[in-house]
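**Student:** Okay, here's what each chain looks like letter by letter:
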Amino acid sequence: MNTPTPPTNFSLSTHNLAIGYTPSRRPATVVADQINVALRPGELVALIGPNGAGKSTLMRTLAGMQAPLRGQVCLGKDDLHRLPADVLAKRLAVVLTERIDVGNLSAYALAALGRHPYTDWRGKLTPHDEEVVQWAMTAVGATALAHRSVNELSDGERQKVMIARALAQEPQVLILDEPTAFLDLPRRVELMRLLGTLAYTTQRAILLSTHDLDLALRVADRLWLLPSGGPLMDGIPEELAFNGALAETFQSEGVEFDSMAGTFKLHRQPCGPIGLEGEGLLGQWTARALERIGFEVVRNGGDLEIPVPVTVEVGAAQWRVKGQVGPHEFTTLADLLTYLRQPRA
Amino acid sequence: MSILTLSNASWPQLGLRRLALLGLIIGLLGVFMLSLAFGSVQIPLGNVVRILVGGTADRATWADIIFKFRLPKALAAALGGAALAVSGLQMQTLFRNPLADPFILGVSSGASLGVALVILSVGATGSLLLAGLGVLGDFGLAAAAGLGAALVLSAVLLIARRVQSTVTLLILGLMFGYLTSALVSLLVYFSLPERIQSFSLWSAGSFGGVTWSQMRVFLPAILLGLLVANVIAKSLNALLLGETYAHSLGVNVRRARIWIILSASLLAGTVTAFCGPIGFLGVAVPHLCRSLFNTADHRILVPTSMLLGAILALLADLIAQMPGSQYVLPLNVITSLLGVPVVVWVILRQRKGGGG
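Heads up: the protein sequence lines correspond to chains V and Y, in order.
Under the numbering used here, the residues of the first sequence are numbered 1 to 345, in order.
Under the numbering used here, the residues of the second sequence are numbered 1 to 356, in order.
Think of the hints as simulated: they come from the structure by calculation, not from any bench.
Example chain Y residues on the side facing chain V (calculated, C-beta under 8 Å, incomplete):
1) Trp11
2) Pro12
3) Gly242
4) Thr244
5) Tyr245
6) Leu249
7) Asn252
8) Arg290
9) Asn294
10) Ala296
11) Asp297
Where is the CB? At the ideal position from N, CA and C, for every residue including glycine.
Based on the sequences and whatever the hints tell you, model everything.
**Tutor:** Quick look at the structure:
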C-alpha cells in the first residue's frame, strides 16, 4: 500500500498526504493523515466512506482546489499544487456535484468549454478542437444531445455532457464528485459502466466518489475506503470485502455489510429464524422478502442446529406455512408476508 | 484517438453567424444616419451624407448643426449604449444574476455623489473657480462624476482582491450604493431649489452634453473598456459554469474578476460621468441578445451587445428629441417607457419556448 517512490506511470499519487481545513484563527483540523495512494492509467477508482469522513476534502485536495495540510499530491512527476491553473487544466479535469446554470447554451457548446485551456485568447475552436469535442460527445454517448439546450436536458443527460466537457480537456486524470447523486438507478448503472469503459478505452485514470457502494463494488477497478477518522484503505473491491474492511467501515446501528453477498443488510425488528424450502427464482425472492421483514432465513433445512418454529414451502405460485402454526396456504407472496407480520402472542 | 469512431452526426455550429453581424452593423449605420438627420431641424438624408463626406449642403447652417451638435451626440449615444450593454453583460455573468446592471457595484452612485458635491455644495464660488481653470470648466461635472465613480471603484477593487466570495462583493457594492445615495439625499435636502433643478437635469441623462473636447477623453476610455471586454469574453464563458469550474478550466478567477470589474466600471463610470446615470440599457440589452441569438456564449454576446446597445441608445435618443418639436424628453424616461414592454415580451416568449 505504501509507495514512497512511485514509478512514473502513476497518473496521480499522494505522498504522506494529510488533508483537512484551517478555520480562520484556529489550528488546522486534520481529517485524514498519512494517505499514500495512486491512480493508474486505465483504472476506475471509487472513493467510498460514510458521510463526514472527509471524502469531499480528499477530492478537493486531489483536484487542486484545496491545499494539503502536509505531504504532497503528484500529477505524473509534478507537484499538483504548484502547477499553474492553465497547465493543470490540461492534465486534470473535474465534474462537481454542484448544479450548473449556464443559461441558454447547447450541449455541444457546453462540452466545447472543455477546450478552454487549449484555445487562443478569443476562445475560437480550431478544427482539431472541434474534433476532440465531437469525440468526447461520442465517447459518452451524447451525440444525439448536441443541438439540445442544456436547460432541457435531464439530470443524467446533463451529467453525460459535463463528463464530455471534462474529457474534452484531454486530462490524464478525471475526478468526479458523486456523479451518480441525482440519477435514478438505471441511469446510475449506465453512468458507472460508461466511466469504467472510458477509463479502459481512453487509458485515463478516473476517480469518483460515491455513496453507491453496491455499484462501486461491481464496476470499480479499485476502492479507496475512507472510514471516519481514517486511515484510508486501498484495494480491489473483492479484497476489501473479504478482509472485512468494508464491514468495519460501514458498521453502524441497524445496517450491516454482508461480506458474503456484497450488499448491505437491513435489520428490522428481529423475528427469529424461519425455514424455507424452495428453489429457483421464486425461492430466491421469497428469501429476500422474508429477510426484509426481519427473519433469519434457513434455506432447505440448511443449518439443522438452528431450530425453526415455522417453515415456508414454496410451490408453483403458492406458499405453504407449517410448523408451530398453520398449516396455511397463500397464493400471493404479499398475503404470506401480511400473515407472518401479524403480531402473535 | 481511441477505438471509438466519430459518428457522422451533425454538430452545431459555434460562434457568431456572419449574417447576424452584418445585419446589426447595417442597422447601426442606418440608425446613426437617422439620428444625424432628425432633430429640431430636419436635414434630408442626402444632405447628411454630403456634409459627412465634405460636400456642401443646401443650407449653410446644416453643416454646423451636424458637426457641432448631432455628430458628437450620435457618437456619444452609440459609444454609451455599447458601453452600458457590455458592462451590464459582464456584471450579469460575474455575479450570476440576471438582474445585475452596470451600476450594481455602486459606480453610478459614486458618480452622483461627485456631481452632487459640485452642483449642490460647492455652488457659485466653486463653479467660478472651476470655470477659471479653463479646461476644467468644460470637464467640471464629468471630472467630479468620474472622480466619484473612480473612488467607489477603487474601494470595490481593494475589497475584491481580499474577498473570496463574489456574493460578498455584490453585497458590499450595494452597501456602497446605499451609502452614497444617502449622502446625495443629504446634500439635496440642504440645497437651494435651482441647484436641485440642475442636479436632476443631470440625473435625467443625456447624450447631448458630450462636447468634442470631452470626446477626447470619452472615446478612448470607452474603446479601452470595450477592448478589455472582448479580451475577457473567453473567461466569461468559463465563468458561466461558476468559479470552481472556471478555475478547473484554467482561469485565474481572481485576476479575471478584477479585469471584469475594471472594464465594466470604466465603461459605466465614463458614461455616467459624461451623460448622467442612464438606466435600463445595461440590464435589457444582454437579455435581448441572449434571446435573439439563442445563446449564452460571450464570444457572441459581447459583440452583439455592443452593436445592439449602440442601436437602442441611438433610437432612444432619437425619440427623446421628439423630431420636429423643440422639446427634449429625459432620456431615462424613454429607455424605460419603450424598453420595458419590449423586454417583458421577449422574456415571456423565451420562457414559453421551454428555455429558462
